[in-house]
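Line by line, the protein sequences are chains P and H. Heads up, the first sequence is in the numbering used here, so the first residue is 145 and it goes up one at a time. Heads up, the second sequence is in the numbering used here, so the first residue is 145 and it goes up one at a time.
Hint data in this document are derived by calculation from the structure and do not stem from the laboratory. The structure displayed is predicted, hence computed values, not measured ones. One or more hints might be untrue.
Heads up, the list lumps identical chains together, so a pair's fine if it works in one copy or across two of them.
[Unchecked claim] Below, in silico cross-link-like pairs of lysine to aspartate or glutamate (DMTMM-like), each with a Cα-Cα straight-line distance of 20 Å or less:
1) Lys217 / Asp189
2) Lys217 / Glu283
3) Lys354 / Glu343
4) Lys217 / Asp204
5) Lys279 / Asp328
6) Lys279 / Asp227
7) Lys177 / Asp189
8) Lys177 / Asp201
9) Lys174 / Asp198
Protein chains: 2
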Amino acid sequence: MNGLGRVVQRSSAASEPEHVDRRRRRREAKRAKIVAEAWGLARRDGLAAISLRDLADRVDLQQPSLYAYFDSKLALYDAMFVDGYRQLLAILARHTFSDDPREALVEFVELIVRFSTEDVVRHQLLFQRTIPGYKPSPEGREVTRALLAVGTERMVAIGVTDYDTPVIFTAMVAGFAHQQVFNDPGGDRWLRQVRPAMEMFLAEVDRRTKPRKAKR
Amino acid sequence: MNGLGRVVQRSSAASEPEHVDRRRRRREAKRAKIVAEAWGLARRDGLAAISLRDLADRVDLQQPSLYAYFDSKLALYDAMFVDGYRQLLAILARHTFSDDPREALVEFVELIVRFSTEDVVRHQLLFQRTIPGYKPSPEGREVTRALLAVGTERMVAIGVTDYDTPVIFTAMVAGFAHQQVFNDPGGDRWLRQVRPAMEMFLAEVDRRTKPRKAKR
DNA sequence: GTCTATACATCGATAGAC
DNA sequence: GTCTATCGATGTATAGAC
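Could you build all of it, start to finish, from the sequences and the hints given here?
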């Protein structure tokens with residue numbers, strides 16, 4: 145029963161022999177390689193300007209052979225979308241947040257802004273709807289839900305339980321990331337204001353969660 | 145000397161006869177028509193998916209004839225960019241702002257968020273860098289400066305004179321517009337939070353501009 | 001200015017052989 | 001799975017008639 149969990153995750157037919165699993169792994173590795181090279185092309189030429197022929201060259205395939213891995217160009221974008229969110233989720237999972245939930249909130253926002261500035265086209269694909277016709281697949285919606293869950297966790301940790309306050313919070317996160325990426329790429333003009341802005345936000349949370357003149 | 149200002153604005157040769165002016169006006173009208181139809185196509189197919197042949201059909205031209213009006217597709221995008229900013233500037237110019245500068249600030253942000261939600265692709269072109277290779281022309285930079293000037297005016301009116309506070313403000317404006325457009329299109333989930341968020345922001349401005357416990 | 005005609009490179013995508 | 005060959009559509013651009 146070793147490694148059962150991993151097998152169960154995707155097997156379409158039950159109890160396939162060993163070599164099928166190996167083949168599937170090779171295929172997944174190649175898929176990952178294609179996605180990685182697609183990011184490189186996107187950074188060079190722009191997200192919407194990825195050429196499947198250029199991409200095929202980079203992974204030593206002919207252009208039509210890419211269709212053995214992705215049903216369409218939009219499916220490639222979807223794979224990149226999922227990959228990008230997994231990168232962010234991995235960063236958040238690796239990070240050791242402060243015990244102080246307020247400090248942890250600042251760290252959370254700074255991590256996201258930094259993540260966005262690291263790669264403009266990744267930010268575009270993940271947080272803007274820039275590709276005509278692209279809608280995230282169920283797998284894509286799953287990773288966005290996972291990010292939302294992390295954010296919700298941060299909200300709960302500072303005592304926010306209402307519906308409206310997270311609306312303001314998400315707007316601020318999106319705004320700082322956006323401005324930093326597009327109006328000061330490579331700089332830290334907005335990143336530096338994340339902490340004071342979050343202190344402002346936390347003061348508002350205090351007002352909302354403790355309407356009486358409590359000691360704390 | 146009637147209408148001199150308007151003539152001076154663009155005339156390349158001095159003292160041209162009447163019919164030249166009329167011709168120029170017809171040309172500008174056709175250019176505007178092309179841009180308007182381009183917006184329609186962008187809304188239907190996506191901003192990056194505008195086809196010059198489709199566009200030519202819509203304005204009763206053959207595709208090569210478009211080059212009599214725009215040097216390239218990027219020049220068309222630039223004309224749309226300028227047109228979009230002029231629309232926003234016109235809305236702001238038409239609006240009668242409250243005498244209370246704090247109320248006026250809320251109105252300003254709400255106008256921008258509403259403007260963004262009215263037209264997603266317009267929001268994309270104006271506020272996101274989504275077209276590979278497109279850089280705003282000098283005329284494009286002029287209209288963005290004009291919008292910045294209106295925002296700066298609002299900042300000064302509430303007593304903000306430092307460098308950092310507008311950084312936070314612009315992030316909030318961008319964030320609310322972005323979230324409303326992409327996470328609740330057609331709704332008002334973020335729009336409704338503009339006022340409370342601005343009250344939070346104004347409380348912070350108070351703290352910053354009156355560090356002593358002064359009456360005003 | 002607008003047309004017809006044409007050209008070229010590039011693109012996503014498909015068919016069918018192996 | 002990978003290939004070759006090919007399709008239709010696209011953006012871009014030019015030539016030359018009217």
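Comparing the hints with the structure gives:
1. Lys217 / Asp189: For Lys217 and Asp189, the Cα distance is within 20 Å both inside one copy (16 Å) and across copies (16 Å).
2. Lys217 / Glu283: within (16 Å within a copy, 35 Å between copies)
3. Lys354 / Glu343: Both ways: Lys354 and Glu343 sit 16 Å apart in one copy and 17 Å across, limit 20 Å.
4. Lys217 / Asp204: Answer is within; shortest intra-copy Cα gap is 18 Å, inter-copy 33 Å.
5. Lys279 / Asp328: between (29 Å within a copy, 15 Å between copies)
6. Lys279 / Asp227: within (15 Å within a copy, 28 Å between copies)
7. Lys177 / Asp189: within (18 Å within a copy, 31 Å between copies)
8. Lys177 / Asp201: within (12 Å within a copy, 42 Å between copies)
9. Lys174 / Asp198: within (16 Å within a copy, 39 Å between copies)
The structure shown violates none of the earlier numbered hints.
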